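Number of protein chains: 2
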Amino acid sequence: MGGTVEDVQKMYISYNNIHKCCQRVAAGIMAKGERPDVIIAITGGGMIPARIIRSFLKSRGQKNIPIQAIGLSLYEDMGLDDQVESIGKEVIRTQWLDFGSLEQHFDSLIGKRVLIVDEVDDTRTTLHYAVTELEQEVRSQQIKLNRIEEKTIFSIFVLHNKDKPKKASLPEEMMSEDRYLAAETVPDVWLCYPWEAMDIEEHTELAIKQGNN
Amino acid sequence: MGGTVEDVQKMYISYNNIHKCCQRVAAGIMAKGERPDVIIAITGGGMIPARIIRSFLKSRGQKNIPIQAIGLSLYEDMGLDDQVESIGKEVIRTQWLDFGSLEQHFDSLIGKRVLIVDEVDDTRTTLHYAVTELEQEVRSQQIKLNRIEEKTIFSIFVLHNKDKPKKASLPEEMMSEDRYLAAETVPDVWLCYPWEAMDIEEHTELAIKQGNN
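Going down the list, the protein sequences come from chains B and L. The first sequence begins at 831 in the working numbering and counts up by one. The second sequence begins at 831 in the working numbering and counts up by one.
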């Protein structure tokens, strides 16, 4: 591979490293007694960390935490940059919560601890969108069901937070109450996740060399 | 660990092994020119293979295949065995397709190639439910939109098919046309997936010893 400039700026991450990131963050959540009632995975990036962290948020005899998926994509990632300004939105919603199915077995999100999971916090645009829309969704449910006193507590878990200027913010309260959980804060490099690797053996070796195993 | 009877019946699978399973099955799909238009992940087990296989179903310059999640759980896995008979259903639906959000950017499932993904085909109950309900869903959409001539093609991808008597079946046509894709057919052993591992280093070593890396 050689030590070209391009290599240096790439951070290779193994599956086992990601597994341990999830395990570590989950241990922190459990130590504080803040086990979530529901996990919301942002597809596609959030699906893998969401499934892994669920394993570590389970106590003996407890049921699995239900996972709901929401599909959010940035226009820029879909090669639709030119449409952003005319449409006036940066995020495309491809799937939303299914309250109809959820409530039959789970009540609703009202009054619950909700853990939102994604793989990376890059510009913070997607996370901002997710939190804002979910809060709004719960609020309108509360009004509809006349349950406005109950407090819903949102937390965020990402594998990596990129240390860079963000285009959007998250609620003050979430930050000050340590409900924003990044397993690692990293420089603004190219994150090479294992699920994108065309040669997983070579990828894992590179991750080990970089200490990301 | 020692070679106790319990150990022998456990099959340890590493993340890298799962990655390669997805890569191999995807190569087969691409070689046949049968790239799916949409992936449907059955949560929680299907989320990891769904996200991984998507990487290998992408050609240069093509957009990511959209993923929709559906939440299906067996009553028996939720400790609700005793309720099954009275309710008369074996599967709990916790999330369904979000056609409202999907169609804005994607049309619908009508006339599409749809790849349903789960981790394991054990009794086949969940997969049977998923295919039956999805076919029905598409059918009613077709009638609603007056597009009954278009053929929707469902395929299934699982990491492991357990070689055991099944409680439910899949469409004949799907089997005969090789649209049921199991990366591996295994005996009826205890599959230890990496995302359940409390010690991922030890787990990976055990998987390597068993040749599942």
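A portion of the hints provided could be inaccurate.
Note: identical chains are not told apart, hence a pair may lie in one copy or across any two.
With a cut-off of at most 30 Å between alpha-carbon atoms, the simulated DSSO-like pairs for lysine-lysine come out as follows [claimed, not checked]:
#: 1; residue 1: Lys893; residue 2: Lys996
#: 2; residue 1: Lys1039; residue 2: Lys942
#: 3; residue 1: Lys997; residue 2: Lys1039
#: 4; residue 1: Lys840; residue 2: Lys888
#: 5; residue 1: Lys992; residue 2: Lys893
#: 6; residue 1: Lys996; residue 2: Lys974
#: 7; residue 1: Lys994; residue 2: Lys974
#: 8; residue 1: Lys974; residue 2: Lys840
#: 9; residue 1: Lys1039; residue 2: Lys888
In case anyone wonders, no lab produced these hints; they're calculated from the structure. Keep in mind it's a predicted model, so treat the numbers as computed, not measured.
> How would you label the pair Lys994, Lys974 (within, between, both, or neither) given a Cα cut-off of 30 Å?
Replying inline: Close neither inside one copy (40 Å) nor across copies (48 Å); limit 30 Å.
>> For Lys1039 and Lys888, with the copy left unspecified, which applies at a CA distance of at most 30 Å: within, between, both, or neither?
In response: between (33 Å within a copy, 28 Å between copies)
>> At most 30 Å between CA atoms: does that hold for Lys997 and Lys1039 within a copy, between copies, both, or neither?
In response: Neither: 33 Å inside a copy, 47 Å across copies.
> Between copies, within a copy, both or neither: which fits Lys1039 and Lys942 at Cα up to 30 Å?
Replying inline: Answer is neither: 42 Å inside a copy and 43 Å across each miss the 30 Å cutoff.
> Are the CA atoms of Lys974 and Lys840 at most 30 Å apart within a copy, between copies, both, or neither?
Replying inline: Neither. Shortest intra-copy (48 Å) and inter-copy (49 Å) distances fail the 30 Å Cα cut-off.
> Under a CA distance limit of 30 Å, which applies to Lys992 and Lys893: within one copy, between copies, both, or neither?
Replying inline: Answer is between; shortest inter-copy Cα gap is 24 Å, intra-copy 34 Å.
> From the Cα coordinates, with 30 Å as the cut-off, is the pair Lys996 and Lys974 best called within, between, both, or neither?
Replying inline: neither (34 Å within a copy, 44 Å between copies)
> When no copy is specified for Lys840 and Lys888, does a C-alpha distance of 30 Å or less occur within a copy, between copies, both, or neither?
Replying inline: Answer is between: at 21 Å across copies they meet the 30 Å cutoff, but 34 Å inside does not.
>> Reference check for the pair Lys893 and Lys996, CA-CA at most 30 Å: within, between, both, or neither?
In response: Close across copies (25 Å), not inside one copy (37 Å); limit 30 Å.
This entry does not satisfy hints 2, 3, 6, 7, 8, going by the numbered hints stated previously.
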